[in-house]
Amino acid sequence: MLGDIMVEIALLVLYITSFIVVSLLLSRLLRNHMIYRSGNKVIPPVVSLVAQIKSIWVIIKHIILSPPMIVTLISFTLIIALSAYTTTYHLASLEYIIPELKENIVVLEFSTIMDVREVLDYIRLLNIMVGSGGYDRILRLVFDEVLELPVNSETLSIYSVVLVDKRLISDILTSKYVGIIGSLEKSITINFNGTPLHIRGVKPEVLEEYMILNMIPLLPIQGYVAAKPVYVPPENTIILEYDIGCKLLKVRGEPISTLILYNLTLTESDVERLFSINWRLSKLYIVSGGRVTYYHSAIVPSPKSLFFAILSSILASIMIVPAISVIASKLRVIEYKASLSGLTPNVIALSASTILTLILGVLGLLVVSILSLVIGIYTSLNTIITLILTLIFTYIYTSHTLASTPYKEQPLPIPQSVSFTVERDISELVSIIEYLIRTNEFFKVIEYEITKRNNIVYIHVSARYLAAWGVGVDSYITLTTYKGNYTIVSLTYKSWSVEEISNRYLESVVRLFVGRLIGGLTPWRILNH
Amino acid sequence: MAYIESLIPGIKMFIKGRGCIIALTSGAILAIYVYVLESLSTHYTVLALTITSTISAILMDNFILVNTLRGLYVSGAPPSFIRRVLLCYGLLISMTISLPLIITFKCWFKLVTPILTFIVAYTILTFMYKRLSREGIML
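If you read the sequences in order, they're chains V and S.
Numbering that gives the first Met the number 0 applies: residue 0 is where the first sequence begins, and numbers increase by one.
Numbering that gives the first Met the number 0 applies: residue 0 is where the second sequence begins, and numbers increase by one.
If you are wondering where the hints come from, they were derived from the structure by calculation, not from laboratory data.
Quantities reported herein were computed from a predicted structural model and do not represent experimental measurements.
Among the hints, a few may not be true.
[Stated by the list, open to error] A partial selection of chain V residues facing chain S, derived with a Cβ cut-off under 10 angstroms: (1) Val70; (2) Thr71; (3) Ile73; (4) Ala80; (5) Leu81; (6) Ser131; (7) Leu465; (8) Trp468.
[As the list claims (entries may be wrong)] Derived lysine-lysine pairs resembling DSSO-like cross-links, with alpha carbons at most 30 angstroms apart: (9) Lys109(S) / Lys493(V); (10) Lys11(S) / Lys329(V); (11) Lys60(V) / Lys129(S).
No residue lacks a Cβ here, since even glycine has one placed at the ideal position from N, Cα and C.
With the hints as extra help, turn the sequences into a complete structure.
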């Protein structure tokens, strides 16, 4: 025990050490690569490894400890669960014909011992009406320890007992006997717990080849060699009539391993519902008019189930988009701060998207394993496809969003001022400008201030755009006398908005305002100035 | 009249933001799931996902919400007016996400979904407004 712990600790230390060594080597390689690429032109800022790790930790902290992350994790878990519920499966089945069987029969074979009442209650719970034809029971018991029974002066070793309702084996179990054994002797009397039992001996091959209703083997199957079943040796197996066997073995209730129900018909959906219950149903035979349909609990993927798996996974991946987008928008905010710390956009994108994908991946694997335990292993296909698609999407989306932002071309700021000379006197120009501003049908003047100092006139205008709510333009106009008869017009303007409006829209508003003003002064404008 | 006036910024926020697209897409996809899967456990999962999608849609519109609230505050809108705007926006988001589900859901889920999504949406919006007021971002 102590040795195992020591080995585990040693492995852990080895793992951590190798991780540190690899990280150091990688960082050195990255630095050398950057120096090589920069040459003598541009040298990136030197940032210590500790500072970089601290910066990455800040990013991780911002990712993990945020309400959007919690919402994302909950959404992610629910999406995988929903994907599991959409799983469609196809039971392995086989059809063949036994002309001798004319009745409607259903045979339920369990991998564990069940009680007849329990089975019938389950069937009634599924609203399946049990027919009036009654039922037959088979119980196969294989002992853990060999049962030694006295036969005359010798002892007989018994490995297993099969309890069967008499009418199922009436052709080999005559009224003189209570049981059968695969022994060559004609008949024997066994002392079973003080009770003498008259047992018929038949050839071992008879029991090995005997099929109840021509389809269910009588002896317990221990395994298969290729496709051939390996039975418990017939000479060590006693076949007993069910009620007598139960009394001798002192068994409570009506335990069964196989139940045969008569006058019962099942639909495809009934079969699926029967297998959906967690009651260890391993095989199901439906006999109707000589046609036998055999179902096994093994699930086989079909083209339909694969199609639904992929479709549901794609839909689930679309559902994760808003959750991831919320986190990405939050990361974009901290990206700027991280870049100030000296981290390159690629490092930020790589660390943020990797951490996010890792967190989701670990949680996803946990959810997938829990769902396969709770709902069933057959849900794994759907859940794993969903998990992979979602993780790929998360990684690509976050890394692309973060890494591409700094490289996007930003439009150059438009000039916010203009200056030109007009061939008009300053006093004349003041009234023209006021006229041009006040007669603009798109704007309502809120403020109009005018100040004169020496030969300079200052005008401040604030106008509200009439076609929208809370949008306007502020403008400062300076008029300066130049060479007596000329005036230099300097125009500075700025748009404002109460609401968040696109720059393009605001520029249009500014153009409407400034265009009228400049256009009105153009006839007197000196172009060569 | 004041109620009708409060509709305009609410509708503008709803249309301009990406939240309405997310709400509509999520609602439609979840409605498909409800239509295909009829088990009760699936309906509960869908209901929970409806709530998380509502939260995601509102968080996606966080930027536009903050700016509009700031704009309303600057323009002198009283808190009651701002609350009505938020109510209108929350109602629109919850209606968009739950409308496809109302069609496909059966039994009591049909009634619960829009009410629950609206309560969640309005609660988050109120918290957001309170936080903005407390932190002085409104100024």
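Agreement of hint Ile73(V) with chain S interface, Cβ distance less than 10 angstroms: Holds - the Cβ of Ile73(V) comes within 10 angstroms of chain S, reaching about 5 angstroms at its closest.
Interface hint for Leu465(V), Cβ within 10 angstroms of any Cβ on chain S: violated (16 angstroms)
Hint check: 10 angstroms Cβ-Cβ cutoff, Val70(V) to chain S: Constraint on Val70(V) satisfied, holds at 5 angstroms.
Proposed proximity, Lys129(S) with Lys60(V) (alpha carbon, max 30 angstroms): holds (25 angstroms)
Status of the hint placing Leu81(V) at chain S (closest C-beta pair under 10 angstroms): holds (5 angstroms)
Interface hint status, Trp468(V) versus chain S (Cβ within 10 angstroms): holds (8 angstroms)
Agreement of hint Ser131(V) with chain S interface, Cβ distance less than 10 angstroms: At 32 angstroms from the nearest chain S Cβ, Ser131(V) fails the 10 angstroms test, so the hint is violated.
Agreement of Lys109(S) and Lys493(V) with the hint, judged by alpha carbon distance not exceeding 30 angstroms: violated (52 angstroms)
Interface hint compliance - Ala80(V) to chain S, C-beta minimum distance less than 10 angstroms: holds (5 angstroms)
Restraint outcome when Thr71(V) is required to lie within 10 angstroms of chain S by C-beta distance: holds (8 angstroms)
Given hint Lys329(V) paired with Lys11(S) - CA-CA distance at most 30 angstroms: The given pair, whose Cα atoms are some 23 angstroms apart, holds under the 30 angstroms limit.
Checked against the numbered hints listed earlier, the structure breaks hints 6, 7 and 9; every other hint is satisfied.
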